[in-house]
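**Q** Sequence:
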Amino acid sequence: MRLKPVPALAANVESRTLRFDNNGLCALLCGQHHEHLALIEQQIPATLAARGNLITINGEPGPVEAASLVLQDLYRRLESGLELDRGEVEAAARMVTRGARGALGFPGDDVSIRTDKRRISPRSPAQAAFLRAMQRHDLVFGVGPAGTGKTYLAVAAGLSLLKQQVVERLILSRPAVEAGERLGFLPGDMKDKVDPYLRPLYDALQDMLPEGKLGAKLESAQIEIAPLAFMRGRTLANAFVILDEGQNTTPSQMKMFLTRLGENSRMVVTGDPTQHDLPPGTASGLNDAVARLDRIGRIAVVRFGEQDIVRHPLVETILQAYRDERASGAAASRQTDHG
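Just so we're on the same page, the working numbering is the position in the sequence shown counted from 1, plus 239.
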């Protein structure tokens, strides 16, 4: 790849043209109908235009440099044989605009995971730290807001260890707590009753394994999905164990789960400490466990922020709006109290 400088169009405006040696990869970089370039323009105030194997960037020097870094890193990703989709492009642009990366490539390329259906790479520094923590620690807490990829990456890490035969089983669990509404009586057998609570775990698995292979692993109990209540009394040896939505446990439930850890096993607990669906006045087991175990060796706590959200870009905006509303409401309440 060679850079071809172009004279500035006017004061404080720069034009830079990147030349990419592989025309086919350049087409993938731009995306269908130049969709990827449009995504970059949505997050970086610069204009991008492609012609053949050339992409020209126009704008102020800072945004031009940022867009250039994004394009070069994405192209290197394609050169290494990795896939490129909308999410990868958006994540790259976000990280550059937040100063979370430079020209050395994606953080965490060294911890990318290959599943049967796709390759999964971290899309933020926190995601990379989370994957590394799961490689190096027996117990890992991933805490942060919705949409940061905590559960998805934990499932990917578990499948990878199962495929490598480092563990014999992958066990995924969730507390069966209703999210603010009463579902009432659910028909069917026990599996039919608990499956709605566990559906997000099935969704993650289906995104990584072919349908036939997932069914076979569930049938053979290599993969087990069960409510938290089913963990009591068990010793989980030679397993990778994930507890999702950990904020919806009580301290006693969390203690019960963590003490299931058996020989040659690893545990990952994910959740958002700021919100839970427990009855009013009930303490969250996730908050309690993190406070107790944060500084113990062989235990890692990885904290995600709103800047790590990898779902639709609006998710971060929505969370920001709710946080601002809570802050303004609290301020108004204080003003009333002092009035």
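Check the hints yourself; a few may be wrong.
No farther apart than 27 Å at their CA atoms in a straight line, the calculated lysine-lysine pairs in the DSSO-like style are these [as the list claims (entries may be wrong)]:
| # | residue 1 | residue 2 |
| --- | --- | --- |
| 1 | K452 | K494 |
| 2 | K452 | K356 |
| 3 | K402 | K456 |
| 4 | K356 | K494 |
Restraint ranges, calculated between C-beta atoms of paired labels, are given here [as the list claims (entries may be wrong)]:
| # | residue 1 | residue 2 | range |
| --- | --- | --- | --- |
| 5 | P490 | R542 | 37 to 45 Å |
| 6 | R542 | P518 | 46 to 54 Å |
| 7 | G301 | D355 | 25 to 33 Å |
| 8 | D563 | E407 | 43 to 51 Å |
| 9 | Q559 | D324 | 33 to 41 Å |
| 10 | R325 | V405 | 29 to 37 Å |
| 11 | R290 | N503 | 51 to 59 Å |
| 12 | P449 | G291 | 35 to 43 Å |
| 13 | Q546 | K452 | 17 to 25 Å |
| 14 | T513 | V405 | 14 to 22 Å |
| 15 | I535 | Q445 | 32 to 40 Å |
| 16 | L532 | V405 | 22 to 30 Å |
| 17 | G291 | D355 | 12 to 20 Å |
The hints are simulated quantities; they were obtained by calculation from the structure and are not laboratory data.
Note that this is a predicted model, so its numbers are computed, not measured.
All C-beta atoms in this analysis are idealised placements derived from N, C-alpha and C, irrespective of residue type, glycine included.
**Q** Evaluate each hint against the coordinates.
**A** Going down the list of hints, with the structure as the test:
no.	hint	verdict
1	K452 with K494	violated (33 Å)
2	K452 with K356	holds (11 Å)
3	K402 with K456	holds (11 Å)
4	K356 with K494	violated (35 Å)
5	P490 with R542: 37 to 45 Å	violated (20 Å)
6	R542 with P518: 46 to 54 Å	violated (26 Å)
7	G301 with D355: 25 to 33 Å	violated (42 Å)
8	D563 with E407: 43 to 51 Å	holds (48 Å)
9	Q559 with D324: 33 to 41 Å	violated (25 Å)
10	R325 with V405: 29 to 37 Å	holds (32 Å)
11	R290 with N503: 51 to 59 Å	holds (56 Å)
12	P449 with G291: 35 to 43 Å	holds (38 Å)
13	Q546 with K452: 17 to 25 Å	violated (35 Å)
14	T513 with V405: 14 to 22 Å	violated (33 Å)
15	I535 with Q445: 32 to 40 Å	holds (35 Å)
16	L532 with V405: 22 to 30 Å	holds (23 Å)
17	G291 with D355: 12 to 20 Å	violated (36 Å)
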